[in-house]
Every structure is written in C-alpha cells, then in structure tokens.
Amino acid sequence: MKYAAKRIAMLLVTMVIVSLLAFVAFDLISGDPATAMLGTEATAEKVAALREELGLNRPLLVRYGEWLAGFFTGDLGTSYNYSQPVWELIAPKVLVTLCLSVLSFLLITAVSIPMGLWSVRLDGRSGPLWRVLDGFRTAFNQLCMAVPPFFTGILLTYLFSTVLRWFVHGQFPSLTEDFGGAVRYLFFAAVTLAIPRIAMTVRMLRSTILGEMQRDYVRTAISRGNDRGGVLRGHVLKNSLVPVVTFLAQTMAEIVAGSIVVEQVFAIPGLGRMLVASISNRDYPVVQAIVVILAFWVVLAGTVADIINQRIDPRLRLGGGA
Amino acid sequence: MKQRKMNGYLQAGLLLTGLLAALILLGFFWTPYDPSAMSGGEKFLGPSLHHLMGTDKFGRDIFSRVLQGAGTTFTIALCTVAIGAVCGTAIGALTGYFGGLADEVLMRLNDALTAFPSILLALVVISILGPGKKTNVILALGLVFIPSFARVTRTAFAALRDVNYVKSARLMGASSGRILLVHILPNTMQVLLPAITIGFNNAVLAEASMSFLGIGVTPPDASLGYMLSEAQSMFVSAPWYAIGTGLTIVLLVFSVGLIGEGLQRRDKGVA
Numbered sequence: 001m002k003y004a005a006k007r008i009a010m011l012l013v014t015m016v017i018v019s020l021l022a023f024v025a026f027d028l029i030s031g032d033p034a035t036a037m038l039g040t041e042a043t044a045e046k047v048a049a050l051r052e053e054l055g056l057n058r059p060l061l062v063r064y065g066e067w068l069a070g071f072f073t074g075d076l077g078t079s080y081n082y083s084q085p086v087w088e089l090i091a092p093k094v095l096v097t098l099c100l101s102v103l104s105f106l107l108i109t110a111v112s113i114p115m116g117l118w119s120v121r122l123d124g125r126s127g128p129l130w131r132v133l134d135g136f137r138t139a140f141n142q143l144c145m146a147v148p149p150f151f152t153g154i155l156l157t158y159l160f161s162t163v164l165r166w167f168v169h170g171q172f173p174s175l176t177e178d179f180g181g182a183v184r185y186l187f188f189a190a191v192t193l194a195i196p197r198i199a200m201t202v203r204m205l206r207s208t209i210l211g212e213m214q215r216d217y218v219r220t221a222i223s224r225g226n227d228r229g230g231v232l233r234g235h236v237l238k239n240s241l242v243p244v245v246t247f248l249a250q251t252m253a254e255i256v257a258g259s260i261v262v263e264q265v266f267a268i269p270g271l272g273r274m275l276v277a278s279i280s281n282r283d284y285p286v287v288q289a290i291v292v293i294l295a296f297w298v299v300l301a302g303t304v305a306d307i308i309n310q311r312i313d314p315r316l317r318l319g320g321g322a
Numbered sequence: 001m002k003q004r005k006m007n008g009y010l011q012a013g014l015l016l017t018g019l020l021a022a023l024i025l026l027g028f029f030w031t032p033y034d035p036s037a038m039s040g041g042e043k044f045l046g047p048s049l050h051h052l053m054g055t056d057k058f059g060r061d062i063f064s065r066v067l068q069g070a071g072t073t074f075t076i077a078l079c080t081v082a083i084g085a086v087c088g089t090a091i092g093a094l095t096g097y098f099g100g101l102a103d104e105v106l107m108r109l110n111d112a113l114t115a116f117p118s119i120l121l122a123l124v125v126i127s128i129l130g131p132g133k134k135t136n137v138i139l140a141l142g143l144v145f146i147p148s149f150a151r152v153t154r155t156a157f158a159a160l161r162d163v164n165y166v167k168s169a170r171l172m173g174a175s176s177g178r179i180l181l182v183h184i185l186p187n188t189m190q191v192l193l194p195a196i197t198i199g200f201n202n203a204v205l206a207e208a209s210m211s212f213l214g215i216g217v218t219p220p221d222a223s224l225g226y227m228l229s230e231a232q233s234m235f236v237s238a239p240w241y242a243i244g245t246g247l248t249i250v251l252l253v254f255s256v257g258l259i260g261e262g263l264q265r266r267d268k269g270v271a
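Chains C and A, in that order, give the protein sequences.
Counting from 1, one number per residue, gives the positions in the first sequence under this note's numbering.
Counting from 1, one number per residue, gives the positions in the second sequence under this note's numbering.
Calculated directly from the structure, the hints in this document are not laboratory data.
Any given hint could turn out to be false.
[As the list claims (entries may be wrong)] Beta-carbon label-pair distances, calculated as ranges: (1) C:L21 / A:A90: 15 to 25 Å; (2) A:F98 / C:G65: 37 to 47 Å; (3) C:V24 / A:E104: 19 to 29 Å.
[Said to hold, decoys possible] Covered, in the sense of this in silico footprint (three residues per stretch, anywhere, with C-beta under 8 Å from a C-beta of chain C), are these stretches of chain A: (4) 51-62; (5) 235-241; (6) 257-268.
Every residue, glycine too, gets a C-beta built ideally from N, C-alpha and C.
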C-alpha cells in the first residue's frame, strides 16, 4: 500500500510538470488572446480592457495555478472559437473517447490472449510444413501491423455502413439517450483500433512466454515428468505476467493516440476529433485542456500497471518499491 | 563468430523495398500523367491500362498522384528518421559512454517522453510549430523520434563501454571521439538497424496519420495520408482511389517491416 501511495504521488508530480509545460508552451505561442478575440475591432483601449477582464495581466504562475485548479472546479477558460466554456465543450467528449478506449482495450485482451497462447502451443513442432506456416504467421503479423488504422477504418465503414447498413456513418447516437446504439457505432471503430495492436500483443505474448519456457526451472519441471501444458499453466504464465501488464499499459496509451485518427475516420465526436479541429483553428485553451487530459490517461495507465505488477511480483517490492 | 547470412525475410524485404524505392525515385522525374492535371471527360474511371489506378472526381490520374504522394511521404519519413537516428545516437552515445549526472537526468526525461505515444507528441509539437507545413512536419516527427533512438543506442553504448577491445583502444591512446565512432558505433548496428526500420515505419504511419487529419502536409504538396482523407469522401464512386493509396502505404510499411524482421532474425541466429 505504501508503494501505491508513492506511485500515486509520483503520478501527481508528473502531471503537474506535464501541465506546466503545456501551459507555458501554449501561453508562449498563442500570442495575445485579447487581440485575437477582438479581431478587426481591436483598439488599444479595448484590448487593454479585455486583457483586464480575462485576467491576462497577472503573473504566469498565478494563471497556471488557477487553470490547474480548473480541472477540479470545471473552469478551464473559454474557447476562442466557440466562445463557450472549455469544460462544457469537452466534458461530453471525454465520455465518448473513454467508451471507445475501454471497448477497444477489452477487444484486444479478449482476442490476443487466447491467440497468443494458441500460437505458443503450436510452437516447437518441426517439419517443412510448420516452417512454412511459421513464415505465413510472421508475414500475416507484419501485414496486420502495416495497415494504418485509417485505411482499415475506411474499408470497415464502407462494408458495415454503406453496404450492410449496420450503422449510419456520421450519425453518432447520443451516449445518454441511446447507449446500445452508441456502443454499436463505437464497436467498429474499436475493431479498427484493435487490429494492429492485437498483432503486436500476440507477437509479444509469444516471445515472452517462449523466452520464459527456456528458463532452467521449466526444464527441471519437465524433466521431473510434468507435461508441457501443465508447466505452462502452473508456472510459466504467472511468471510472464509482469511484462504483459506493462505492455497492456502501453497498449492503453496507444489506443488513446490511435483514437485521435479513428474518431476522424468514423466521425465520432470525441476528444481526438476536438483536438484536431482545435489545432487547425489554433484554439489553444481547448488544445491545452485536451492534451493534459490525454496525458493524464497515459500516465494513469502506466501507474496502474506498476501498482499491479508490484502486487504480482514480490521482488519488485524489494527493489524499486517502498 | 556468428554467421551473418541472408534470410528469406531480409531478401523479400530488400527486394520489395528496392522496387518501391525505384518506382518512387522514378516518380520524382516522370509520372504517366501530370498528377494535378484535371480532365473533365475522364472522371471516376476504373483501373485500366491507361490509368493503372483509375481516376478521381476531377479526372486526375490516381497512379501519378500516388507516385507523387509516396515520394513526399518517403522523403518526410527519411528525413525524420535521419534526424531521430543522428541526434538520438549522438545523445545515446555520449550519455551511455560517459554516464554521470547528465545521463541520469536525460534518461529520466527520456523515460517520461517515451511513455507518450509518438503521434500524440507529434500533434503537440506541430500545434506549437504551426500545422500544414512540410518542414514543420519533418521537424515535429524528427524531434519526437529522438528519445527512442537515444534509449536504444544508450543501452548498446553502455554495454560496450568496458569491453576488452574498447579498453585496449583506450590504452593505445585513442581519443574518446575515435573510440565512439570507429570502435563502438559499428558494433551497435545490430540494434540500430532494426530500430531504424521500425522508426521509418512509424514515421510513414505518423506522417500519413497527420496528413490524414489535415494538420500534416496540405495541398499543393501531395501526401498519401491527405489523399486517403480525400479518397474517403469519394469511396462510393471511386473506391480504387482509397484502395490504391491505402495499399501503397501498406506495401511500403510491410516491405520495410520485413527487412526489420529479417535483421532481427539474422542477429538472433534463427532462420
């Protein structure tokens, strides 16, 4: 528990640094929002008045502190583009992206773990046929990793929306009103996100487990008369868990990044789409907030993985832990 | 002595990549049609001998456009990997070889940066530099790829710092620069080359994603990602546009991926 507390403290420190960097960087490049908001009507007096009103005359650190507090109070400033509070704009989108990520994560684990185990079971057979099959497996794996999600997305949209009409592209049902419909819509996007990651996870599982099978204790167990499957289930899987959990945390981070593109393909009104639109419009208050939320997600996944790993493997408690 | 034979993956990868590179190189000087020439009478033509990948809604020849777009994507990926590999190797070499406080600090920073997916970082950098310019895309992606290269090379340089041939070179009075470049660097190729192939593929996909999102390369520069976003809107009437463009990306990444797979297998000594 001490370890978990320490890890969470580290998470908070990281987030403070990340958010400070984001705040300062976007503050430097955004120029003067007052001038930008007034546009052609900008006169010296009007700009000065608006700066006063927006609180831009105060020191950077004070403004940063207020902005950071805004993540808890819900006051993250006003979007330049929509003239609406940033919080109101992004709050519903957080939920959409969260659903998409969780759905995709579940798909990846549900498909890749059985497939990885199956691929381990097939390993070790010799003969020309198995060598050819092994070659095909590797090539197929590379192919899955080579297909960019937006291309898969376009093809899936065509197949399931235009041909089969299982969902209507561009008409995302509201999550609160039609949850089932929304999930069905998100499902195809989740599949798109999952395909390359499933290929990577299977590959990773395979090499981790096969590497673990080479260890001395496995040889000993087998030489004492245990069968391969039993050793695999009883010992190897447990010992392979730590790198797998770490990898799954990375997967979560990649899903978050991948969702930016996939939301665009499927026209899903999530955080990623908002981020891209705001970058093009130079709507920095929105960009800032979304970047920090996505970063939090990534760091949180890493933290949870570390805490789980430390529960799994007592050795980690002695080494880098509390 | 480890056997360093070619293997099937390496051969297939090199062959495919070579062919693609030759085609792309050709595309810089000659394309079957002018990639941006519109032709009112030849809209939405399917693939044929005259138009290998058909035409789009303006009657432009898609094959010519793909050649040109692949050229842009290829150039950007190469420049990006060059920036990442050179800067990353330099940082990794110095921190790995000399160690010390700078090593500690830089590697902590590196760990923090590599935890974030590259496309997310690239989006942040591009929004700071300003979206829509080719040089900014290269700079943003290049910067983003430095940490991963630094990490890989640092490990290799740190491992080779005290091996015997380095020690003996040091005893013979070789300068640190010479040891790093002449003695250690060639021996890190085993990890550096696969890292370069993976980096190249990530760069192709990242550039294509950014251009697809409309914040990477924007017209008049053509890039495969931008073309694909254009193709999505006309998928029903000209599916060959999206398929031709998409398959080009897949093929490029797949062939370079095979090289990487082959290199890794060669170094592990498996067939």
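Hints and how they fare:
For the pair C:L21 and A:A90, the supplied restraint of 15 to 25 Å holds, since their beta-carbon distance comes to about 24 Å. Range check, A:F98 to C:G65: Cβ separation about 39 Å, and the 37 to 47 Å hint holds. C:V24 and A:E104 have their C-beta atoms about 24 Å apart, which keeps the hinted 19 to 29 Å range intact. For a cut-off of 8 Å, the count of residues in the segment 51-62 of chain A with a CB near a CB of chain C stands at 0, and the three-residue condition is violated.
Counting residues of the segment 235-241 of chain A whose CB lies closer than 8 Å to any CB of chain C gives 3, which reaches the minimum of 3, so the coverage claim holds. Three residues within the 8 Å Cβ limit are the bar, and the segment 257-268 of chain A against chain C gives 3, so the coverage statement holds.
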